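Q: Based on the provided sequences and hints, a complete structural model is requested.
There are 2 protein chains.
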Amino acid sequence: MTLTDRILMGPGPCNPYPEAVAALGRPMLGHLDPEFIALLDETSDRLRTVFETSNALTFPVSATGSAGMEAAIVNFVGPGDTVVVGVNGVFGGRMVDVAQRTGAEAIAVEHEWGQPVDIQRMLDAHPAPAMYAMVHAETSTGVRSDVAAMGANKGDSLLLADCVTSLGGVELRVDDWNVDIAYSGTQKCLGVAPGLAPLTVSDRAIERLIPVPQSWYLDLNMIAKYVTGGGARAYHHTAPISMIMSLHAGLGALLDEGLDAARARHQAAGDAVKAGMSDLGFELFAAEGSRLAPLSSITIPDGRLGSVGEAEVRSRLLQEYGIEIGGGLGPVAGKVWRIGTMGHTARQRNVTTLLAALADILG
Amino acid sequence: MTLTDRILMGPGPCNPYPEAVAALGRPMLGHLDPEFIALLDETSDRLRTVFETSNALTFPVSATGSAGMEAAIVNFVGPGDTVVVGVNGVFGGRMVDVAQRTGAEAIAVEHEWGQPVDIQRMLDAHPAPAMYAMVHAETSTGVRSDVAAMGANKGDSLLLADCVTSLGGVELRVDDWNVDIAYSGTQKCLGVAPGLAPLTVSDRAIERLIPVPQSWYLDLNMIAKYVTGGGARAYHHTAPISMIMSLHAGLGALLDEGLDAARARHQAAGDAVKAGMSDLGFELFAAEGSRLAPLSSITIPDGRLGSVGEAEVRSRLLQEYGIEIGGGLGPVAGKVWRIGTMGHTARQRNVTTLLAALADILG
Chain A
0 MTLTDRILMG PGPCNPYPEA VAALGRPMLG HLDPEFIALL DETSDRLRTV
50 FETSNALTFP VSATGSAGME AAIVNFVGPG DTVVVGVNGV FGGRMVDVAQ
100 RTGAEAIAVE HEWGQPVDIQ RMLDAHPAPA MYAMVHAETS TGVRSDVAAM
150 GANKGDSLLL ADCVTSLGGV ELRVDDWNVD IAYSGTQKCL GVAPGLAPLT
200 VSDRAIERLI PVPQSWYLDL NMIAKYVTGG GARAYHHTAP ISMIMSLHAG
250 LGALLDEGLD AARARHQAAG DAVKAGMSDL GFELFAAEGS RLAPLSSITI
300 PDGRLGSVGE AEVRSRLLQE YGIEIGGGLG PVAGKVWRIG TMGHTARQRN
350 VTTLLAALAD ILG
Chain B
0 MTLTDRILMG PGPCNPYPEA VAALGRPMLG HLDPEFIALL DETSDRLRTV
50 FETSNALTFP VSATGSAGME AAIVNFVGPG DTVVVGVNGV FGGRMVDVAQ
100 RTGAEAIAVE HEWGQPVDIQ RMLDAHPAPA MYAMVHAETS TGVRSDVAAM
150 GANKGDSLLL ADCVTSLGGV ELRVDDWNVD IAYSGTQKCL GVAPGLAPLT
200 VSDRAIERLI PVPQSWYLDL NMIAKYVTGG GARAYHHTAP ISMIMSLHAG
250 LGALLDEGLD AARARHQAAG DAVKAGMSDL GFELFAAEGS RLAPLSSITI
300 PDGRLGSVGE AEVRSRLLQE YGIEIGGGLG PVAGKVWRIG TMGHTARQRN
350 VTTLLAALAD ILG
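These protein sequences, in sequence, are chains A and B. Okay, so the first sequence: first residue is 0 according to numbering that gives the first Met the number 0, each after it adds one. Okay, so the second sequence: first residue is 0 according to numbering that gives the first Met the number 0, each after it adds one.
For the record, the hints were derived by calculation from the structure and aren't laboratory data. Every value quoted in this text rests on a predicted model; they were computed, and no experiment measured them. A portion of the hints provided could be inaccurate.
It does not matter which identical chain is meant; a pair holds if it fits inside one copy or across any two.
Stated by the list, open to error - Restricting the straight-line Cα-Cα distance to at most 20 Å, the calculated cross-link-like pairs of lysine to any residue (SDA-like) are:
1. K224 with L328
2. K334 with L361
3. K334 with Y234
4. K224 with G329
5. K224 with D96
6. K224 with A332
A: Structural data, given as structure tokens:
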């Protein structure tokens, strides 16, 4: 089966760093091998650096980003608990669904799509819920919300932040912002294949762990004995070795560049997309002041594409140029494009290529 | 960080097939890219061949084998349901734990470790539970149990079989044996890195799916719309693209060899381990007639290793020879070795190397 070499400028996965790809092929190790334990520990250290946290319980969950969301919820809330969720796109809505499946009461604070989460409305929804949950970087709308403001005003509640499309590409300071639980995915600004969900949990949140959560696979009480077990690691499940080797290498590439430099590169690439699309006559979907650098959301005006149609433009980009961009999800399907500049993809060369290809197609 | 090139003869992961390793580095694709959808569909077809099933809902769950177990349970049972579980090792015990977390009543039919599941005792435990669950190949004891006999006598109940250490290496006929739900892991006899859990679900079981199971990530109602959606694939979560490419290639290697030939190779390598260890003076742990080919369990007699100690022998194998074998889990820790000959590792050369190294160490 022949596979095309795409430029991945959708909402993720991105093109992974060459170092991350190479590490996938490293010799396999057992999950209790001292060499693998050392590599896992160093991977967790690198995650602490990109999360800007000293949380001991920081590690990659053995599944994709949505499993990170589930781990971040089912270990902390259940029947009798209230969770206030900021919903300004698909992923806030998903948090409501996951929370409700635990038996908790989820209060959805609904926002217009394209707008950031309104912190005052979150606080007004409930004065002291078990958890406030919000999406730092909404992948469905390209909006960045103010997690720091939520953290400064959350009181004794836990604060959960979805950082899937921000970690490694956007300012994110878990400790300084009083975030208790944050998760991400590897296939966005970390520049690694999809398959792992980096997670960090504050000591304060660890004290509130549910002793026997509904999920065995995501039970942080048990997993902590493997990932932070010091000399004696208790087997829980077989870690996805190759993916962790790749994450280790991807984080190495990112940190060799420098976290600030990598964030600046994501900002520059996102700015170039937004400027270029404006030059092509498009408007930006996300509210001004809350636009996410690594994921630019573009409004598709009625009639602008004539008889071509937005799906056909995306299809031609893919088939003729090998470039993937994303369509809209849910209520903005057909109305929004999502252009990602994440990880290894976040480079001017790719932006220039995309803009030139789009100009050709649009005529 | 330098990593050693191990021969992996523990209970998994094995050494992956070279074809599976190479495919990890294939160009990344988006999870909705038509090329990736075609590759996923072909992967599912290959899984049907190794499971010996025509089940439409057959695909790799986006996490490791234990998540396959969780998916296989939480989608089918909950409060008010009874599950009869054959427990003859760690993984039967894990099924009890996972089932109890759904609120179901789990009846554990306990067996002596090293013995196969007694089907009559399963039937005697409850005449018509929602589910009978058993482990085809117990990774903690090296025992194979008679899933076919359970399937022939299960009545209207669902039958769940853990096939983590059997799929691809041992006779397994999902359709002929009336298995309703079976899952596996990629890092055993399939010869691929850990990270995915192949799962197959009968049409009969699909009719009994819980509409909103407690896990969002493992919700088969939603996942089915992506993996079996025909032309219109509904996004659920971002698939672990590189791992699925690797599974596709590993299954290709296995099926190019031929399923029967691969099983025969696993049998021959396991026979060679058992014969060689007997020649070295060890006894086999698993009950005669129920010994699993790809995983040989060896009894460590008191005093046989003198002052060396079993852990030191394993450590010397790892450090001096780069060979990993497995220790015992739970009640047989320190009393049993587990020697795997799975996937690409299942070759005479590796068995010969291990036996010679052990002979050197034991003197």
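Q: The structure should be examined with respect to each hint, and the outcome stated for every one.
A: Hint-by-hint comparison with the structure:
1. For a Cα distance limit of 20 Å, the shortest separation of K224 from L328 across copies, 15 Å, qualifies, whereas the shortest one inside one copy, 38 Å, does not.
2. When the C-alpha separation of K334 and L361 is checked against a cutoff of 20 Å, the pair qualifies only within one copy, where the shortest distance is 17 Å, while the shortest distance between copies is 71 Å.
3. Taking CA atoms no more than 20 Å apart as the test, K334 paired with Y234 passes between copies only; the shortest distance there is 17 Å, against 48 Å inside one copy.
4. In this assembly of identical chains, the alpha carbons of K224 and G329 lie at most 20 Å apart only when taken from different copies (15 Å versus 40 Å within one copy).
5. In this assembly of identical chains, K224 and D96 lie within 20 Å of each other by CA distance solely across copies; the values are 17 Å between and 29 Å within a copy.
6. Taking CA atoms no more than 20 Å apart as the test, K224 paired with A332 passes between copies only; the shortest distance there is 18 Å, against 43 Å inside one copy.
Checked against the numbered hints above, the structure breaks none of them.
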